[in-house]
Amino acid sequence: MAVRISMQRFTWILGGIGLLAVLAFGAHAATADVWMVQWEVAGGVGAALLFVSLWFDRESIRRYLQSRGAQYSAMAWALIAVAVGVAVAANMLADRYDHRVDMTASQRHALSPQTVQVISSLDVPVEIHAFFLPGVLEGQTLRSLLDGFSEHSAQLSVAFHDPLTEPLVAREFDISSEFGTVVLRAGDDTQRLESRFDEESLVNALIRLTSGADHVVCFTEGHEEIDPDDDTSAVGMGAAVVKLEGQNYTVRKVFPARDGSIPEACEVVVVADPQVDWLPAEREMLATHVARGGSALVLLEPTRTPGLVADLGRYNILMGDDLILEQNPSYQLVGGDASYIVLSGESFDFHPITNPIRGAVLMRVARSVARLDPEMVGVQVQEVAKTSAFAWAETEYDQAPEVTPGRDRLGPVPVMAVAEITDPSIIGVGSTRVTVGAE
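First residue of the sequence shown? That's 1 in the numbering used here, and the numbers climb one at a time after it.
It is worth saying that the hints were derived from the structure and are not from the lab. A hint or two may mislead.
Pairwise CB distance ranges (calculated) [stated by the list, open to error]:
hint, residue 1, residue 2, range
1, E194, V52, 54 to 60 Å
2, P306, Q114, 33 to 39 Å
3, T404, E224, 28 to 34 Å
4, E151, R292, 39 to 45 Å
5, S144, G336, 34 to 40 Å
Derived EDC-like pairs: lysine to aspartate or glutamate, alpha-carbon spacing no greater than 16 Å straight-line [unchecked claim]:
hint, residue 1, residue 2
6, K243, E200
7, K253, D273
8, K253, D227
9, K243, D198
10, K243, D231
11, K253, E225
12, K243, D229
13, K253, D230
14, K243, E199
15, K253, E264
16, K253, E224
17, K253, D229
18, K253, E221
19, K243, E221
20, K243, D230
In this text, all values refer to a predicted model and were calculated from it rather than measured experimentally. Just so it is clear, CB atoms sit at the ideal spot from N, CA and C, and this is done for glycine as well.
Using the sequences and the accompanying hints, generate a full structural model.
Below is the structure:
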């Protein structure tokens, strides 16, 4: 009797060791990319010990299965099996129809509309190969980000590599950095990221990779405009230029009076706050550019360049000779005066230019920008940004700011307008010859 009890204990010990070995191998197989030999041996030995244990104790198992308690246990195990089956099925469905939902109020984990647009418009297969050592935080964050990317395009394929365990793949992509590298490949073209792996950097790399044409943005000079190379002063546009160059735009400077025209390569002409008025011939050069299908972004401060301001009338744009002052604290800059205007989401009308704006926009010393003639044909104007109802357009600068009824425009005051030319003939382009002594 004592021998049987000792033997029974021995078989249960063997069974317990075998079960632990099998469970350990299962955990390794579920988490490891490559099965290691020692774990395979452990799993095989564990399965053998478990079988031997059941074989030696088969009489006890047979008697137990014939008891009423075994029948109740069988029912309980059957219910457990059903629950496990439901959980496995749910996991398989979730894996097959994977979709991420950002439940945060600010949507901080959601991709930006521009990112979704870029990814969903991919028309060629793009491979993204990420090389990171195991456990690196940047790699884990990037994996989550690229999971979101993959949801929006079947053209995108993502692969993560450990450069230590996959040296041949690392050599193929010339990986030498220990701090992570991302390579984007479309056909024979590639883009590499070795420092920043955030959403903006990835989208810019995708744009550079898939864009087949050069896009040129021209900043005018010669009238004391804001320097596009200035990235140090408070009013410099260097940061904006860096953003443009990161999205495959080429930025160049043009001086219409010196060059004799605005080059046809310029898709967009930026007139950034000139302090000296444009010559009549230069204004005709800008009109020629717009009439042939080009775009222009004109940024003008109050009291400056009256000739250029008046000439905007041919595009059905009325720029007021005024200064916008804001009285609503919610639209003012903390610490600034009333001439600093903060625009938020509700300040913008629905338009492709303003739809991507998700943060606040600060305007310093702004003037009104509105539609000139609602009945004008050949050009469609939309006022896309306005102040609050508590603002007004001050027209008298030589006295204390005060609303003058009948003269000052009351809020909401439009401060940004978009003109779309549907009939270029209405622009009426004149002579582009620069005349000595012209205004």
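Hints and how they fare:
Checked against the hint of 54 to 60 Å, the C-beta distance between E194 and V52 comes to roughly 55 Å, which is consistent with it. In this structure the hint that P306 and Q114 lie 33 to 39 Å apart at CB holds, the actual value being about 37 Å. Hint check: T404 to E224, Cβ distance near 31 Å, so the stated range 28 to 34 Å holds. Separation of E151 from R292 is about 41 Å and conforms to the stated range, judged on CB atoms against 39 to 45 Å.
In this structure the hint that S144 and G336 lie 34 to 40 Å apart at CB holds, the actual value being about 39 Å. Pair hint K243 plus E200 holds up; C-alpha atoms about 10 Å apart against a cutoff of 16 Å. Among the hinted pairs, K253 with D273 is consistent with the structure: their alpha-carbon atoms are about 14 Å apart, no more than 16 Å. For the suggested pair K253 and D227, the alpha carbons sit about 9 Å apart, so the restraint of at most 16 Å is met.
A C-alpha spacing of about 14 Å is found between K243 and D198, which places the hinted pair at or below 16 Å, so the restraint holds. Taken as a hint, the K243 and D231 pair is honoured in the structure, with Cα atoms around 12 Å apart against an allowance of 16 Å. Of the pairs offered as hints, the one joining K253 and E225 holds, with about 11 Å between alpha carbons and a cut-off of 16 Å not exceeded. In summary, the hint linking K243 to D229 is supported, as the alpha carbons are separated by about 12 Å, within the 16 Å threshold.
For the given pair, K253 sits about 13 Å from D230 by alpha-carbon distance, which is consistent with the 16 Å threshold. Between K243 and E199 the CA atoms are separated by roughly 13 Å; this keeps the pair inside 16 Å, and the hint holds. Distance restraint check for K253 and E264: the Cα-Cα separation of roughly 13 Å lies within the 16 Å cut-off, and the hinted pair is therefore satisfied. Proximity of K253 to E224 is assessed by CA-CA distance (about 13 Å); at most 16 Å being required, the pair is judged to hold.
In summary, the hint linking K253 to D229 is supported, as the alpha carbons are separated by about 10 Å, within the 16 Å threshold. For the hint pairing K253 with E221, the CA-to-CA distance comes to about 7 Å; that is within 16 Å, so the pair holds. Straight-line distance between C-alpha atoms of K243 and E221 comes to about 20 Å, which puts the hinted pair past the 16 Å bound. Between the alpha carbons of K243 and D230 the distance comes to roughly 14 Å, so the proposed pair stays at or under 16 Å and holds.
Violation of the numbered hints given earlier is confined to hint 19; every other hint is satisfied by the structure.
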